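Full structure from sequences and hints, please.
There are 2 protein chains.
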Amino acid sequence: MKAVLHNTENPNQPLKIGEVEKPIPSENEVLVKVKATALNRADLLQRAGKYPPPKGASKILGLELVGEVVEVGKNVTRYKVGDEVFGLVGGGGYAQFAVIDEKMAIPKPSFFSYEQAAAIPEVFLTAFQTISWTFGINEKNSKSILIHAGASGVGSAAIQICKALGMRVFVTASKEKHSFCQSLGADVVIDYQNEDFEKIVLEKTEDKGVNYIIDFIGKDYWNQNINSIATDGKIVLLAAMSGAKLESVNLAKLLMKRVQVTGSTLRSRSLEYQQKLTKEFIEFAMPWFESGELKPVVDKVFDWNFAEKAHQYMQNNQNKGKIILSISE
Amino acid sequence: MKAVLHNTENPNQPLKIGEVEKPIPSENEVLVKVKATALNRADLLQRAGKYPPPKGASKILGLELVGEVVEVGKNVTRYKVGDEVFGLVGGGGYAQFAVIDEKMAIPKPSFFSYEQAAAIPEVFLTAFQTISWTFGINEKNSKSILIHAGASGVGSAAIQICKALGMRVFVTASKEKHSFCQSLGADVVIDYQNEDFEKIVLEKTEDKGVNYIIDFIGKDYWNQNINSIATDGKIVLLAAMSGAKLESVNLAKLLMKRVQVTGSTLRSRSLEYQQKLTKEFIEFAMPWFESGELKPVVDKVFDWNFAEKAHQYMQNNQNKGKIILSISE
Chain A
1 MKAVLHNTEN
11 PNQPLKIGEV
21 EKPIPSENEV
31 LVKVKATALN
41 RADLLQRAGK
51 YPPPKGASKI
61 LGLELVGEVV
71 EVGKNVTRYK
81 VGDEVFGLVG
91 GGGYAQFAVI
101 DEKMAIPKPS
111 FFSYEQAAAI
121 PEVFLTAFQT
131 ISWTFGINEK
141 NSKSILIHAG
151 ASGVGSAAIQ
161 ICKALGMRVF
171 VTASKEKHSF
181 CQSLGADVVI
191 DYQNEDFEKI
201 VLEKTEDKGV
211 NYIIDFIGKD
221 YWNQNINSIA
231 TDGKIVLLAA
241 MSGAKLESVN
251 LAKLLMKRVQ
261 VTGSTLRSRS
271 LEYQQKLTKE
281 FIEFAMPWFE
291 SGELKPVVDK
301 VFDWNFAEKA
311 HQYMQNNQNK
321 GKIILSISE
Chain B
1001 MKAVLHNTEN
1011 PNQPLKIGEV
1021 EKPIPSENEV
1031 LVKVKATALN
1041 RADLLQRAGK
1051 YPPPKGASKI
1061 LGLELVGEVV
1071 EVGKNVTRYK
1081 VGDEVFGLVG
1091 GGGYAQFAVI
1101 DEKMAIPKPS
1111 FFSYEQAAAI
1121 PEVFLTAFQT
1131 ISWTFGINEK
1141 NSKSILIHAG
1151 ASGVGSAAIQ
1161 ICKALGMRVF
1171 VTASKEKHSF
1181 CQSLGADVVI
1191 DYQNEDFEKI
1201 VLEKTEDKGV
1211 NYIIDFIGKD
1221 YWNQNINSIA
1231 TDGKIVLLAA
1241 MSGAKLESVN
1251 LAKLLMKRVQ
1261 VTGSTLRSRS
1271 LEYQQKLTKE
1281 FIEFAMPWFE
1291 SGELKPVVDK
1301 VFDWNFAEKA
1311 HQYMQNNQNK
1321 GKIILSISE
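Protein chains in written order, with this note's numbering: chain A, 1 to 329; chain B, 1001 to 1329.
No wet-lab data here; the hints were simulated from the structure. Just so you know, nobody snuck in bad clues.
Cut-off 30 Å, straight-line C-alpha distance, at most; resulting in silico cross-link-like pairs (BS3-like, lysine-lysine): (1) A/Lys143 <-> B/Lys1103; (2) A/Lys276 <-> B/Lys1253; (3) A/Lys143 <-> B/Lys1055.
Note that the structure is a prediction, hence the values are computed from the model and not measured.
Have a look at this one:
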């Protein structure tokens, strides 16, 4: 079969389509003819040798996919040949065929195009994991949240879930992405390049701070995050894009405000964890997708022959929402 | 009435007994003739002007008490004059009389002496809050925990609760307190003055680290704690006795291991929070006190005329478990 290949020796070599062996589904997996996949920052890291795929996962890029079931493992009971599914995989999405555990696969509703379905798994599951599991928010409430990188994939999913839950949403994003964040429901948009988010958060919350923060930045935002969080607030760190080595941290504020800080990732979790997350996500989110309260956010669709261009586009932070690869044959 | 008074202008002035006005119970409070109270590190901080009592609380020292109800507020339904109760208060325990909210009061079982009952509230409620609420451990399990300052009040309560839950307990303590920690059930005792706890924890857990850490030390232990915690581990910081200002923190390990760090205190929480905690604590712990699986740990009882000596004793870290003041008249 064909797949997008990256040169692990030289990450600067452009991505290109080549021939590899078609995967064989194990007893709990289905083989999918992939229709579309989507980009993640992890793909850029993996390509640069900084994020090796978990043990047992395909070495081909691609953490999510949508497609048609063409073969089922011998213990598979949920799907049959011809069904359309989408979901999270440990790797292998940038290919004509890929395998997915049956409990990780989600039935694709007919109201989604392939491109829309491909835009859902990684960012909505991560946002759901953070909001529901780590923060413990599962009911409508009037709490406040600050979502950094609000126009990113996870950011745009988190904005929508928090608004569906009735929350007050602050986001940081570059100026040109503000109207996009507002269209998703963000209440307060902050231009991180020209404004001080700590100052704005405190002003707009009568100095109380926000109850939750989702951060991807790490080092550069740590102190401002601690100053922006309310008493009993919770911060989740999903990445550390500005670096991870802090030179000065004051635990006194953490103690006084009783702050909880959690480092979190999705890909490194066990299969059981991801299966349970997928199951709860389906129950939580699919009715809201059906009613239109949640929407997959497709920024741009690239034919997979232009995978290299798609990577450059993500590298340059040009996207608002997801970048999709359409698998054209 | 008489009460132990501290000089807020000059903390070096010894504590002494003096005359103050007897408190009047509000509608949800009972007035208690205090039989015993207990010391907390917060008392030393409050005396030094570093830990002001919460709004509305008595300015007299003393965060816990046991005694006999002598008057009830007009809405009180749970207690009547003559009942014996113990529990947590915002202040005022070092006195002949004190008020306590009826939902914060716990009926004193006859199998406890006053001194034993006075040794329970602050340390067992804090340990329960940390283990049950923050860590979310509510059932028997085989997880591991590192409890720093294992011979302290909270430490000795936490060891017992974790052992009652079936856990594997590591503690740090000075050498002379090791046998005490072992008598409470600690499985691995580490001499923090002469041994490297990180090295021992990793050795004894096949390099996996422990699932939970309770820390009071802060700065000096931060990096070692992060190195000693397992993937998906949780750390609670209850104090920062070695200081709060860290000069170097690496968030990469927090992210990779998906660690959760929570700053926590008990006294600063809302009354509703403390009432709920007390209610759940009674259900969780009282059967285990009755069966002897949990035991209040009284180190030494001082007559309240020697309150100053008792403070010196705590200041010198001489105690294993709780220091009690007996209110002798």
